[in-house]
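Listed below are the residues making up each chain.
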Amino acid sequence: MAATTSETRQYLTFTLGEELFAVEITKVREVLDYTKITKVPQTPEFMLGVINLRGNVVPVVDMRLKFGLSQNDRTVNTCIVIMEISMENEMTVLGALVDAVQEVFELESGQIEPPPKIGTWLKTEFMLGMGKRDDQFIIILDIDKVFSYTELAAIAAIGS
Amino acid sequence: MSTPDDMHKQAFREEASELLSELENSLLELEENPENEDLIGRVFRAMHTIKGSGAMFGFDEISHFTHNVETVFDLVRSGEIPVTKDLIDLTLKARDQITTMMEAEMGGDPPDRELGEKIIAGFVALIPSNESKAQSGPAEKKPEPEKLEPRTYRVRFVPNRDIFKSGTNPVYLLDELKELGDCKVLASLKDIPVLSQFDPEACYTGWDVIITTDKDINDIKDVFIFVEDSCEVSVKVIDDPVLMESPSKYKKIGEILVERGDIKPETLQTVLEEQKPIGEMLVSKGLVTKDRVESALEEQKTVKEIRSKRQTDDSASTVRVPAERLDKLVNLVGELVIVQARLSQTSSVKNEPILSSIAEEIEHLTRELQDSTLSIRMLPIGSTFSRFKRLVRDLSAELGKDIEMTTDGADTELDKTVIDKLNDPMVHLIRNSIDHGIEPPDVRKAVGKPDKGTVHLSAAHSGANVLITIKDDGAGLNPRSIKLKAIERGLISPDADLPEKELFGLIFQAGFSTAEKVTSVSGRGVGMDVVRKCIDSLQGSIDINSKEGEGTIITLKLPLTLAIIEGLLVNIGDESYVLPLSAVEECVELSKKEVDAAHGRHIINIRGEIVPYIRLRDLFRIKGERKALEQIVIARINGERIGFVVDSVIGQHQTVIKNLGVVYRKAKGLSGATILGDGSVALILDIQQIVDMARDKEVTTVA
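Note that the protein sequences, when read in sequence, are chains S and A.
Going by this note's numbering, the first sequence opens with residue 1, and the numbers climb by one from there.
Going by this note's numbering, the second sequence opens with residue 1001, and the numbers climb by one from there.
These are computed hints drawn from the structure, not numbers from a lab.
Cβ atoms here follow ideal geometry from the backbone N, Cα and C, with glycine treated the same way.
A hint or two may mislead.
As the list claims (entries may be wrong) - Each pair of labels, with its calculated beta carbon distance range:
(1) 1641(A) <-> 71(S): 37 to 43 Å
(2) 33(S) <-> 1006(A): 44 to 50 Å
(3) 1352(A) <-> 89(S): 48 to 54 Å
(4) 30(S) <-> 1378(A): 35 to 41 Å
(5) 86(S) <-> 1621(A): 28 to 34 Å
(6) 1360(A) <-> 30(S): 34 to 40 Å
(7) 1006(A) <-> 70(S): 57 to 63 Å
(8) 89(S) <-> 1360(A): 29 to 35 Å
(9) 1354(A) <-> 70(S): 51 to 57 Å
(10) 124(S) <-> 1350(A): 33 to 39 Å
(11) 1106(A) <-> 124(S): 44 to 50 Å
(12) 1010(A) <-> 30(S): 34 to 40 Å
(13) 1638(A) <-> 89(S): 35 to 41 Å
Use the sequences and the hints to build the structure in full.
And the structure:
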């Protein structure tokens, strides 16, 4: 994150409980309202199942459970962020169930600080850095790492 | 592929690769029948075409290289060079060289020039008295004995009455004629006298034969060469594709008169009705006998049929289409099937007659569209089979074994995507048969088998599946050494008593190889597990049958297509699941009473037959209460009947298979997902895997 050029990037923010997260907008394909999710048997709890996205079968992950938070009741704000993730060098489409989507905002690379080594409950390797907006910290996620296949596979093995 | 030049090159590449594979086949066949002129001609023509079109599209190197091969085969054709194993070897090498050269032109690795020169030198050495041939060269070679377009001839054969006395049976001559092409034989019986005057040693019958053949008129005359002098034989061309275009058929006189307004159409009609067919008129006047007229009518019919057939042949040409476009079409049809399911569901809810009839019509059309779209992607498996011929040949030579490959069912059709993925596992299995299965000739002799080993490939349809078997007459699998190996690898416990079939199944475990030594071909233990994975990914299954000392039969069961299957939709809890209907045999009810009667065992008595069942709700740990009355779907898996307990059976469902993606690659018991009429997702069950899962579970709970 060396800020030699102040490159500006756009981020989409969403909330999980009190916490504010951001992902690079280039990773996001669309945001959907909550729909019926078909559970795939014998898979970990945080893998909610699959939905029909205009004829394609897309897996959905509960971000709260993924990050070790407790499951929340669905509200009108609950939505699924459809993202394009690179997994094992393959592009795959995946949905992330979040409490609410906030906004799209711009952040200069100079404004992003490296993730703190300690003091956060989230694994440092999941973070690209920390941003700040109106006195609130935003955790900028390295979404490819969050959904890295090895992690999902490891948990899948335990789950079954 | 932007410039026209690129497009031409691509076209050349496609054409050439087809020619090269045909060339390979012809060469391998030629090795078996070195005298076959037809095959030599085929090799020559393939080389000639590659050379010609290579030069046309600027592949000068290929063209130059091929030239030498062509020259040699021209000499082979004229009988100056015999077909030997060396020649076939060399030509096969040359074929491979051309392939690499072509790949190089398309941006692949550059070819080994030294090898190329060596091959050329090999060919040049084969050309006898090089200098005398050099001037004439292949450019001046005599025109090929081109195959004639099929023509139709009329043969009238009236044998001499005394023909039997010379020991000739005219029927044999007719049979000989039949071998030349399509024949219609009509006997003329008019000369047969009444019985009192009948001489049993005389031949009274004559024949008119309408024959369609690509042979020359002389070939037909040759049939009668020994009876020509004593019998009446006439051969005449009655239909020739070259002459066919002649506009001899003009309007009939009546039509012209009507057109000119000289007579009214009705008048013509009444006059025509009075008229009898010309044949009948002639017969009634006694000018000609009835059988003669019939013979003439037959001739007329045959020619008409041939002409119309030729026209359809011309129009039934093929179109080359990139595979992606077909895949896209199949995907679109898949979407259509889903939308159609929605429409049908909506119409059944609305209960409106007009809507229902439209929905029904769409359903018919969609089904038809689906069938014909999928059939476009169907290819005969023969092309894959013939590729293995070369593999068998090279491998057996390398290993010093004498092995012959035979095939049947090469015209069995399979989805292109399945065929493409089938190549690697088949190669592995065939390699295994050749390397581990078939013994060296001396060992074979010692145990009293013929020196030559055989690998037999066959393909056949079986319902919605295709069965592919690889059968060898080699040593077979040794259950004891498999068991020892499995114990050594810790795959089974030393005191485990597995039936033979399960022991054989162990060879598909990763890292398992019973070969004593590692050869370049196999024995590393990679391969069989890859085969298993590959076949699993195709929704197929593998079955091994082996008898020690007699050979091994491996059967692959594969679905016809991977795009759309016929499914049975069932419900468990809130979710819907699809079972492949091809495996389902029947559905029965399972009441609480029956469950209680079985005392905790998962078996049910169906018409006196004990069938084990798997409760999917338990296996999948689906939350919620069991229903009082459940349904069991009975399916046949590897010859065994097994029940799957579900909450309710909904019905048949055209299932468009969707991939579950990388995330759920590890999910067990599922082969994909599909989208239902209401837009929700249903999972497709892999019943074979579910049975395996249930077995594993039982083993662990017992242990």
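(request) Provide an ascending list of the numbers of those earlier hints which the structure does not satisfy. (result) Those not satisfied are hints 8 and 10.
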